[in-house]
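Novice: Listed below, chain by chain, are the residues.
There are 2 protein chains.
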Amino acid sequence: MDTHDLVATSERRQQHVERVLTSFFSDSHYRARALGAPYAALWQTLERNASGGKLFRPRMVMAAYEALGGTDLDAAAHVGAAFELLHTALIVHDDVIDRDFVRRGNPNVSGSYRDIATTAGIPLPIAEHRGMSVAVIAGDLALFNSYRMLDRSGAEGVVRTRLHDIFDEAMFVSAAGELYDVDFSIRAEPPTVDEIVDMERLKTAGYSFEGPLQAGAVLAGASGEAVHALGRYGRSIGIAYQIVDDLLGVFGDEGDTGKTTMGDLREGKRTVLLAHAVTQPGWAAVETLFGSPELTPEGADRIRSVLEEGGSRRFAEALARDFANRAWEALVTDALPEAVRQEFQPVVASVLGRVR
Amino acid sequence: MDTHDLVATSERRQQHVERVLTSFFSDSHYRARALGAPYAALWQTLERNASGGKLFRPRMVMAAYEALGGTDLDAAAHVGAAFELLHTALIVHDDVIDRDFVRRGNPNVSGSYRDIATTAGIPLPIAEHRGMSVAVIAGDLALFNSYRMLDRSGAEGVVRTRLHDIFDEAMFVSAAGELYDVDFSIRAEPPTVDEIVDMERLKTAGYSFEGPLQAGAVLAGASGEAVHALGRYGRSIGIAYQIVDDLLGVFGDEGDTGKTTMGDLREGKRTVLLAHAVTQPGWAAVETLFGSPELTPEGADRIRSVLEEGGSRRFAEALARDFANRAWEALVTDALPEAVRQEFQPVVASVLGRVR
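Line by line, the protein sequences are chains A and B.
So the first sequence is numbered by the numbering used here: it starts at 1 and just counts up by one.
So the second sequence is numbered by the numbering used here: it starts at 1 and just counts up by one.
These aren't lab readings, by the way, just hints derived from the structure by calculation.
The hints are all genuine.
Straight-line distance between alpha carbons at most 25 Å, and here's what the computed SDA-like set of lysine to any residue pairs gives:
1) A:LYS54 with A:THR9
2) B:LYS269 with B:THR279
3) B:LYS269 with A:PRO123
4) A:LYS269 with B:GLY36
5) B:LYS269 with A:ILE126
6) B:LYS269 with B:ARG99
7) B:LYS269 with A:PRO38
8) A:LYS54 with A:ASP27
9) A:LYS269 with A:PHE315
10) A:LYS54 with A:LEU73
11) A:LYS269 with B:ILE116
12) A:LYS269 with B:ILE122
13) A:LYS269 with B:ALA120
14) A:LYS269 with A:PRO281
15) B:LYS269 with A:GLY121
16) A:LYS269 with B:LEU35
17) B:LYS269 with A:ILE122
18) B:LYS269 with B:ALA188
19) B:LYS54 with B:TRP328
20) B:LYS269 with A:GLY36
21) A:LYS269 with B:PRO123
22) B:LYS269 with A:LEU124
23) B:LYS269 with A:ILE116
24) B:LYS54 with B:ARG99
25) A:LYS269 with B:PRO38
Where chain A lies over chain B, by a calculated footprint (3+ residues, C-beta under 8 Å):
26) 134 to 145
27) 170 to 176
Partial list, computed: chain B residues near chain A (C-beta under 8 Å):
28) LEU35
29) PRO38
30) TYR39
31) HIS93
32) ILE97
33) ALA117
34) ARG148
35) HIS164
36) ILE186
For each residue, glycine too, the CB sits at the ideal point set by N, CA and C.
Using the sequences plus the hints, can you model the full thing?
Specialist: In structure tokens form, the structure reads like this:
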């Protein structure tokens with residue numbers, strides 16, 4: 001396929017999943033109205049928080065499914081939508097844990113409900129707690145319904161059981177990753193590079209890459225070897241993606257990434273970059289700047305210089321390339337047809353293309 | 001059945017569900033160990049929080065199932081265990097919302113993890129936030145796995161679909177009830193009696209009575225009319241039970257109920273008693289005592305006197321009896337066999353027996 005076809009295919013998949021999600025939220029909203037307008041409004045807020053994303057995980061499901069010869073696109077779109085609802089639930093609750101009230105520049109569930117409360121004259125601490133309380137409920141609804149969405153694919157018998165196993169594992173490992181992330185945040189000693197890689201693999205890569213790819217493969221009726229190989233690919237590319245994401249969060253071009261390169265430094269985000277940096281002698285000079293809410297653009301530049309000069313940036317880039325290479329190699333097996341390599345080798349290239 | 005048989009039957013059901021839950025937690029703990037000791041410890045904490053209860057909801061499932069002629073007790077025990085996991089998830093998250101760190105006199109999930117952190121020298125506000133963060137994760141795990149447990153009943157086809165619908169509805173209405181409870185807590189004007197009854201029906205009665213009874217009936221292959229009648233019974237008895245529970249929270253004998261009769265008054269719990277009381281002229285005299293963390297036993301006695309003299313206690317007792325009567329009447333239908341009345345009419349009597 002040429003670039004134009006790739007974009008068209010990706011958009012077709014995205015639109016299919018959007019239709020499935022719109023239909024689900026429309027039904028839920030209708031049901032909620034019978035229980036009162038405030039409950040219906042909560043569902044609208046949840047829908048806003050589940051929409052407008054790139055539907056990355058559903059597109060992974062559908063890409064694997066189609067590359068392995070699957071033709072029931074509606075079934076694949078429902079499995080994809082299940083992963084998207086799981087993702088929505090996890091980020092809504094992650095924001096509660098991180099006490100974040102904003103996501104992608106807009107108020108998230110907590111932020112929306114906090115703002116309604118402050119507008120009504122409620123003091124800020126009570127309004128914030130109210131926002132977080134409603135976000136706990138909203139995340140529960142997305143989480144509970146994600147499992148149900150999986151069943152709407154119409155999969156039966158052994159395929160259904162394997163889909164459930166994969167989906168279950170995706171959530172199971174993500175909870176472990178979230179726990180370790182919470183643990184790191186209160187621990188005195190900084191996490192090691194291995195601990196960060198493990199945490200990111202569990203918290204994000206599992207349910208964002210490995211799970212969706214395996215689910216797409218199982219739904220397409222692929223062999224155990226093919227499912228396994230795609231899972232290995234997903235795990236490695238997921239870690240590579242996460243490391244690159246962390247690099248862009250500090251060194252990226254704000255015009256490209258659409259997010260500030262100050263945020264991660266200001267909140268003291270635990271990344272591979274940081275885990276490497278703290279082992280370097282130059283780190284002591286910027287240690288107090290890192291994670292400071294008052295960090296200035298000049299302070300951020302000083303941290304970036306230390307990350308460059310101490311070799312942390314180079315180290316993280318090499319690690320990302322290493323995982324990307326492993327991902328590429330996982331695809332080189334007779335268990336996978338050529339169409340799979342055509343679909344997923346460009347993903348490796350695009351991840352690598354995001355670093356120097 | 002005589003009393004001895006009733007107790008023996010109830011214990012047999014309880015033990016069966018306990019075996020199912022023990023097996024589930026044992027599997028999960030084994031899986032979690034592969035992801036690290038802290039994750040395995042989280043599963044142990046979750047198991048402690050899911051155990052030791054009276055398994056009220058599973059016993060409702062099994063009672064309905066057996067009274068309607070069901071014989072696959074293991075299937076019913078799995079459906080019961082699903083409702084117990086749902087219950088665990090909802091109370092773990094309810095405690096996060098209420099910022100409670102104790103349940104039934106023991107540290108809950110938030111409390112256990114807060115205490116570990118404070119013991120390690122972490123300042124209290126950070127330790128509390130850590131406790132609540134882990135409780136968000138733990139509740140997610142229980143919630144996610146509740147759906148899965150339902151499938152372990154082995155139900156297939158139309159029975160499985162109807163079980164999913166009932167389970168889905170139970171969680172859907174509970175989330176609405178939780179939202180309204182949160183809304184009441186920040187609203188200036190106190191909720192009306194009708195609003196309290198609606199909230200309690202949604203938040204608790206649905207998933208504790210109506211849902212489990214309907215699920216047991218569906219699993220037993222009962223007719224649509226029988227399922228509907230048991231649902232009506234469950235809704236009414238659930239509301240009656242909740243009103244009686246609120247009465248006992250203020251007027252109960254601590255030796256019988258095992259919980260302090262100061263707690264609800266001190267936290268300013270929104271109940272039918274309160275909703276009635278605020279409309280009475282005598283309430284102004286004790287308004288500032290209600291919901292005060294410094295409430296003394298003498299202050300609590302003054303509130304109780306006002307609730308008695310203003311007729312609030314009498315009102316709540318009459319309302320509980322009214323709902324209990326509706327529950328009784330719902331059982332009087334040809335759609336339900338005599339065995340169902342033998343099983344559930346004593347429940348009505350026992351609920352009424354708890355009030356004067």
